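Asker: Each chain, written out:
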Amino acid sequence: MVTQVKKANKLSSASLIGQMMTASFADIKRQAAEGKKVVWANGLPVYVLARAADMPVLHAEGLIAGLAAKRLEKPFQDAAEAFGLLPDTCSYARSFIGAARITRGDYRLDPSMNQDLLLMPRPSLYVNSAGGCGTGRPWGEAMATLFNVPVYHFEPRFLWHESDLKDSVADFVRQEQEFISLLERITGKPYDWDRLKELLVEVKRAVTLRNEAMKLCQHIPSPASFFDWATNIAAVAHLIGLPGTGDLLQKTKDEVEQRIAKGVGAVANEKYRLYWDGILTWGKIGVLANKFAAMDACVVAGAYTHLVWWPRPELIDPEKPLESIAYNCCDVVLLRSYEHRIKVLSDFCREYSIDGLVVSETQTCRAFNSHAFMIMDGLARKLGIPAVTIGGDSCDIRFYSDAQVDTRLQALLETIEARRKVRHI
Amino acid sequence: MPRSKINDIMDRFREIVDKPYEKLKQWKEANKKKIVGCSPMHFPEEMIHAAGMLPVVLQETDETITTGFSYLYPFFCGITRNLIDIGVKGQLSFLDGLIYADICVQNRTAASILRQNLPAIHVEFAQLPSSFTRKGVMENTVKELDRIKASLEKLAGRKIDDKSLKQSIAVYNKNRSLLRRLHDLHKANLRLLPYRDIQVIVQSSMLMPKEEHTELLEKLLAEMEGIKPPSAKGNKLFLSGHLCQSPKADILDLIEGVGGIVVDDDLYTGYRYYAVDAEMNGSPVEALAKRHLEKSLPVPTRTGLPMRWEKYLVERVKACRAQGAVVLLVKFCEPHLFYYPFIKDALAEAGIPHIMVETEHEVVSLEGVRTRLQAFIEMLK
Amino acid sequence: MAVGVDIGSLTAKTVVMDSDCHIASYRVIQGKIVDEAAGIASLNQALADAHLTQAEIGFLITTGYGRNMVSFGHKSITEISCHARGAQFLFPGVRTVIDIGGQDSKVISLNGTGSIINFAMNDKCAAGTGRFLEVMAHALEVPIEEMGALSLEAKSPATISSICTVFAESEVISLTAQGRTKLDIIAGIHEAIGRRMHSLVNHVGMTPPVVMSGGVAKNVGVVHVLEKLLETEIIVPPEPQIVGALGAALFARDELKGKVKA
Numbered sequence: 003m004v005t006q007v008k009k010a011n012k013l014s015s016a017s018l019i020g021q022m023m024t025a026s027f028a029d030i031k032r033q034a035a036e037g038k039k040v041v042w043a044n045g046l047p048v049y050v051l052a053r054a055a056d057m058p059v060l061h062a063e064g065l066i067a068g069l070a071a072k073r074l075e076k077p078f079q080d081a082a083e084a085f086g087l088l089p090d091t092c093s094y095a096r097s098f099i100g101a102a103r104i105t106r107g108d109y110r111l112d113p114s115m116n117q118d119l120l121l122m123p124r125p126s127l128y129v130n131s132a133g134g135c136g137t138g139r140p141w142g143e144a145m146a147t148l149f150n151v152p153v154y155h156f157e158p159r160f161l162w163h164e165s166d167l168k169d170s171v172a173d174f175v176r177q178e179q180e181f182i183s184l185l186e187r188i189t190g191k192p193y194d195w196d197r198l199k200e201l202l203v204e205v206k207r208a209v210t211l212r213n214e215a216m217k218l219c220q221h222i223p224s225p226a227s228f229f230d231w232a233t234n235i236a237a238v239a240h241l242i243g244l245p246g247t248g249d250l251l252q253k254t255k256d257e258v259e260q261r262i263a264k265g266v267g268a269v270a271n272e273k274y275r276l277y278w279d280g281i282l283t284w285g286k287i288g289v290l291a292n293k294f295a296a297m298d299a300c301v302v303a304g305a306y307t308h309l310v311w312w313p314r315p316e317l318i319d320p321e322k323p324l325e326s327i328a329y330n331c332c333d334v335v336l337l338r339s340y341e342h343r344i345k346v347l348s349d350f351c352r353e354y355s356i357d358g359l360v361v362s363e364t365q366t367c368r369a370f371n372s373h374a375f376m377i378m379d380g381l382a383r384k385l386g387i388p389a390v391t392i393g394g395d396s397c398d399i400r401f402y403s404d405a406q407v408d409t410r411l412q413a414l415l416e417t418i419e420a421r422r423k424v425r426h427i
Numbered sequence: 057m058p059r060s061k062i063n064d065i066m067d068r069f070r071e072i073v074d075k076p077y078e079k080l081k082q083w084k085e086a087n088k089k090k091i092v093g094c095s096p097m098h099f100p101e102e103m104i105h106a107a108g109m110l111p112v113v114l115q116e117t118d119e120t121i122t123t124g125f126s127y128l129y130p131f132f133c134g135i136t137r138n139l140i141d142i143g144v145k146g147q148l149s150f151l152d153g154l155i156y157a158d159i160c161v162q163n164r165t166a167a168s169i170l171r172q173n174l175p176a177i178h179v180e181f182a183q184l185p186s187s188f189t190r191k192g193v194m195e196n197t198v199k200e201l202d203r204i205k206a207s208l209e210k211l212a213g214r215k216i217d218d219k220s221l222k223q224s225i226a227v228y229n230k231n232r233s234l235l236r237r238l239h240d241l242h243k244a245n246l247r248l249l250p251y252r253d254i255q256v257i258v259q260s261s262m263l264m265p266k267e268e269h270t271e272l273l274e275k276l277l278a279e280m281e282g283i284k285p286p287s288a289k290g291n292k293l294f295l296s297g298h299l300c301q302s303p304k305a306d307i308l309d310l311i312e313g314v315g316g317i318v319v320d321d322d323l324y325t326g327y328r329y330y331a332v333d334a335e336m337n338g339s340p341v342e343a344l345a346k347r348h349l350e351k352s353l354p355v356p357t358r359t360g361l362p363m364r365w366e367k368y369l370v371e372r373v374k375a376c377r378a379q380g381a382v383v384l385l386v387k388f389c390e391p392h393l394f395y396y397p398f399i400k401d402a403l404a405e406a407g408i409p410h411i412m413v414e415t416e417h418e419v420v421s422l423e424g425v426r427t428r429l430q431a432f433i434e435m436l437k
Numbered sequence: 011m012a013v014g015v016d017i018g019s020l021t022a023k024t025v026v027m028d029s030d031c032h033i034a035s036y037r038v039i040q041g042k043i044v045d046e047a048a049g050i051a052s053l054n055q056a057l058a059d060a061h062l063t064q065a066e067i068g069f070l071i072t073t074g075y076g077r078n079m080v081s082f083g084h085k086s087i088t089e090i091s092c093h094a095r096g097a098q099f100l101f102p103g104v105r106t107v108i109d110i111g112g113q114d115s116k117v118i119s120l121n122g123t124g125s126i127i128n129f130a131m132n133d134k135c136a137a138g139t140g141r142f143l144e145v146m147a148h149a150l151e152v153p154i155e156e157m158g159a160l161s162l163e164a165k166s167p168a169t170i171s172s173i174c175t176v177f178a179e180s181e182v183i184s185l186t187a188q189g190r191t192k193l194d195i196i197a198g199i200h201e202a203i204g205r206r207m208h209s210l211v212n213h214v215g216m217t218p219p220v221v222m223s224g225g226v227a228k229n230v231g232v233v234h235v236l237e238k239l240l241e242t243e244i245i246v247p248p249e250p251q252i253v254g255a256l257g258a259a260l261f262a263r264d265e266l267k268g269k270v271k272a
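Residue numbers (our numbering), protein chains in the order written: chain A, 3 to 427; chain B, 57 to 437; chain C, 11 to 272.
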């Protein structure tokens, strides 16, 4: 049994995100009260297009992950399950559908619960832009049916061949144009292209800073951890384009640079550098961060934080907003073939000096966990990097087992140690 | 006696359904023709047929998953896990090509994993547009079908011209019309064949040359016309669900064993497969696209359909005057899972009792299913 | 005489009804898994208690998991129908029956005239069943009969979030290592069962009055947690384990009276 004396050295800038999230939900409610038409959305951040049309956007992953991190997600899941949605389903979808049930009044919240956070205003439009996941389709249809509102389904293509990217981007741009026409019909106003370009300037700033800061974690010891990047992920997801995100990420980058200058690591005594595949169990983010720190292991990077949200910041050109967004939604790791993924991961592991792989099962997300075994096998064969799976999910905490994580993490680190000893013989 | 002729033909069908991949391997050795497998739902097999290759719609087998465990987590649907398992064990080596149409995240995973691990097989991924209300959905569907057509031409070493494609559509339409005849015969004489046999007839159509199946089915229908089985006693039920894989015969037997009679269904290895034909006039690729876009039964894998599945289901149940519905839900089938709450409500609102039975690849608890089904029948009485 | 025999996973129960529709006798026998011998033993003992012989059995209905696996009995009816019938007999007007047995649990919803409108079962996993309690009692080294009462004494119940019995057991071990009191952990276990049953109830909908049957109904802690979660009183019959056999006996009585339609 591990006694956790060493805690994670969290980025202080990351903690600002909580306030920004809470403020953003309050702001959505305020705008709704003023008569603005609200958009509920899931998936990749193409919904930023709606922000330029002055429509407040409630992002599924943002809301649910944020609540799950505070262990407030259960009423949403209960609400969805009360109507027959089984727990095998994607927990992001299930929780957001539960939120819809609560908003509709189908499911009564216990009066002791935080109505501010749990009771969101009805949308006028639903947007599904799930990347690499067909589940967004019945999810979006369910939401549209529950609220009796139009739904727009973005369909980024699965890149079966590397050469498919250009066509995919062109097709996505057409979808964005169609979406914008829909926004114009709903708002009754011509689209504000200038506003979109302004937003893209802020987006470019934010994601560029974040990517640069994340790259600095190639430094040994790593100044920040995957758990920090997961904590502030909303800055490039739910909050993207909103004021303050660029500043927050500038603070983040500054803090990371200062740590490097002082030789301070995210983990007090970094002995092992790990990569995290899968999403993480949001409700256990603090526990996990401390658990790894106590074992002198720094999770320096992960798929969810590094390869999904705005992976091509260099291609963001505010004068070409639709293409910019399209590249960043079409070149996401979930839309890529295994060959591409293993190549990207191998490069990653070399650049970040990775010793081992932690694969979080993310039991209800088949988009993320689909290639887990092949990836583990591939990296082991290519780079000799050992891997371990741990039980868990994104926001359904029932799939997580603390004791199991302890055992398996310990086994992974022992394996890394054993291989190091062999190399020295 | 007519019954033994019926049995002879049924034995032919059962043979191929019991051991599909073994039989196809043998067929290939004997006929020296190429075989292209397709995943269930959405992809028009006629295109493969028109290229002179044998199309087969892949079926879930009863094989216990072993090697497959090291390729994929267990929380995927049965047919995905099964096909990956038997794929990596070499049982699909007889295939020259494999086409997966984009349906859901699970089957996309299967396509990717099989492509990676079965390099000798040409694996294609047909990304047919999933949003039926998007501008240009017909053009994009035709475009994607044309792309796959070109890929099939390369595999076959010959062109697929409009004439051949039309001929193939005619062959498939003919077979579908016979299956519809079987469907009507069954509804009129519910004890004609046990439901597991009805399913075998549909499944075998997916696993053998269409012309051969048509010939056998014509003979079978001829034998069955005029047979007046005893009138059916029992509770009339509608069977819904199982969008890709066939329900296990044991479960179909259980339904009948506890006193239920299946009068109609919306299963893939059932009514969905043969309900509608493709048009014979105009461009054949467009006809196939149209069949998919405009005539598909409401399905949870697509968006923007004119009618939602649960509404359609209520209509079908009412039309066949079933006393209740059995919703067979494949565990982990997300398209179905997300529709289930609406199906539940719609059936309740229409006053139609239903029972939902989750099914898995591994037959974990047949007794549990028996108890549920028996209790449901008791409830209906 | 009408007789009902409930052959469950670990116990066999028999109820003998007399001609005035009273329970003449009943027996509960512990046995091996789906044990025909236990079924026969419970039958013979109940008959003896009622001073009857096998020849005097007018109609015998079997129910429970092993209903089709025994050689005796004229007919079998599922435990869903039997628990509903038995609960109604004991408490006319009951609308919801919650049965938690050794290895499975179920919720049955009845309409105003006593017909079943819906039901939900959990028979795939141990969570929320008597087995769950057994495993936890064993892990905590507490006699299972004391678990319920102890759970009521806790000041701040621990949270056990796993749905899987195996995972939950490791959570209990973790909590013990963290220094949580046995009482708090026991209360947490009961809350976990309550939550599991609550979600099963939600599948079916709850209308009071609610009756609980099955062995676990004897656990005051589970009853208490469920009353809190469902916000309703839960009625527990004096012998909750025989409700299924009682229902079967009542159906047997119907057969004798010719009430059953062909």
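Because the hints were derived from the structure by calculation, they are not lab data. Just so we're clear, the structure is a prediction, and the values are computed from it rather than from any experiment. The reader is advised that the hints may include incorrect statements.
[Unchecked claim] Computed list of lysine to any residue pairs in SDA-like fashion (alpha-carbon distance at most 25 Å, straight line):
#1 Lys-437(B) x Leu-193(C)
#2 Lys-400(B) x Val-151(A)
#3 Lys-423(A) x Cys-351(A)
#4 Lys-437(B) x Asp-264(C)
#5 Lys-42(C) x Asp-30(C)
#6 Lys-88(B) x Glu-267(B)
#7 Lys-367(B) x Asp-401(B)
#8 Lys-243(B) x Ser-60(B)
#9 Lys-206(A) x Gly-20(A)
#10 Lys-293(A) x Val-214(C)
#11 Lys-205(B) x Ser-165(A)
#12 Lys-437(B) x Glu-265(C)
#13 Lys-400(B) x Phe-149(A)
#14 Lys-165(C) x Val-151(A)
#15 Lys-191(B) x Val-151(A)
#16 Lys-367(B) x His-213(C)
#17 Lys-81(B) x Asp-67(B)
#18 Lys-289(B) x Lys-85(C)
Asker: Which constraints among the numbered hints does this structure fail? Numbers only, ascending.
Answerer: 1, 5, 10, 14
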